[in-house]
Amino acid sequence: MIQSILEQQQRQIEWLRQTQPDVPDLLALVKAIAQLQPPAPSTQPLSPYDAVFTQFLHEQYPDWTGTPDSWLTLAQTQGAEGVRKRLRDSWDNRHEAPDPAPSINRFIRQSFLPIATAHARAGLLHLQVRNERQAWTTWQAIREWNNNRKNEQGLRRLCGTWQWLIHNHQNHGDHKTIMVYPPPSQYHRMDPQPAMIRVQGDTVYIRWEFPRGIVQEESLLFGEKDQLLSGTFVNNLGPNGNITGRRVKPCQGE
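Quick note, the sequence shown lines up with residues 30 to 283 if you use our numbering.
Just so you know, these hints were derived from the structure itself, not from any lab. None of the values given here were measured: they were computed from a predicted structure. Any given hint could be a false lead.
[To be verified] The list that follows gives simulated cross-link-like pairs (lysine to aspartate or glutamate, EDC-like), each with its CA atoms no further than 20 Å apart:
1) Lys205 x Glu246
2) Lys60 x Glu110
3) Lys254 x Asp231
4) Lys278 x Glu238
5) Lys205 x Asp220
6) Lys179 x Asp255
7) Lys179 x Asp231
8) Lys278 x Glu246
9) Lys114 x Glu88
10) Lys278 x Asp255
11) Lys114 x Asp128
12) Lys254 x Glu181
13) Lys60 x Glu88
14) Lys114 x Asp92
15) Lys205 x Asp231
16) Lys114 x Asp79
Required output: the full structure, derived from the provided sequences and hints.
What follows is the structure, given as structure tokens:
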């Protein structure tokens, strides 16, 4: 049982390393911060050794991040014990103070923890923003895929040969024509080709874009079990009116 849990945990860690490569280091830093919390600060005045010790540490290890010897890299790779070991090893044996703990704790409290905590918070915020962005991108992709799937289903309903009766309100004239809508996979063969076709439920929107900036939009509605299309059209040059379409041949070619 324990071995199974450990193997599962290792797989989760490996998954994190692959999908969120900065998460393990961030978690290691947070863990080190939690383990390095020093006892309550002493009410005793500053020791003369504190400033000297802190100055030595800043000169000996000036980098907080970005290098193998930096403080945060040390905390991420060796944990709290690695940080404390460096501090103990850095203590100058010539100091007359018998106990380095007050100076070490003061450095941890006043230098290490504020910087490490700020870095961890920034990392967590960056991770949150990145995950939200990834979630939004994924949601948009899923929604687009779903919309495209629904639109393709609608295009299959539109597929076929239609007898178009167009009534132009501008000149009160009627015009008949044959419209052939191919299967979705063959729309690239249409000539002229609609700039856009969207089918949502029983509603069909068709946009045509012709040379010299001519645009015509058609809003239609399925009826009679998809054997009838009726609606309106508007052209940016002025013509507008009604369209009635009746299916004369079923879908072919797919």
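Do the hints match the structure? See the list:
1. Lys205 x Glu246: 18 Å, holds
2. Lys60 x Glu110: Holds. Lys60 to Glu110 sits at ~11 Å (cutoff 20 Å).
3. Lys254 x Asp231: The given pair, whose Cα atoms are some 10 Å apart, holds under the 20 Å limit.
4. Lys278 x Glu238: 26 Å, violated
5. Lys205 x Asp220: The given pair, whose Cα atoms are some 18 Å apart, holds under the 20 Å limit.
6. Lys179 x Asp255: 16 Å, holds
7. Lys179 x Asp231: Holds - the C-alpha atoms of Asp231 and Lys179 are around 11 Å apart, at most 20 Å.
8. Lys278 x Glu246: The given pair, whose Cα atoms are some 24 Å apart, is violated under the 20 Å limit.
9. Lys114 x Glu88: 17 Å, holds
10. Lys278 x Asp255: 12 Å, holds
11. Lys114 x Asp128: Roughly 15 Å between the alpha carbons, so the hint for Lys114 and Asp128 holds.
12. Lys254 x Glu181: 18 Å, holds
13. Lys60 x Glu88: Between Lys60 and Glu88 the Cα gap is close to 26 Å, so the pair fails against 20 Å, i.e. violated.
14. Lys114 x Asp92: Judged against 20 Å, a Cα distance of about 17 Å means the pair holds.
15. Lys205 x Asp231: Answer violated: Lys205 to Asp231 is near 23 Å, above 20 Å.
16. Lys114 x Asp79: 17 Å, holds
Checked against the numbered hints listed earlier, the structure breaks hints 4, 8, 13, 15; every other hint is satisfied.
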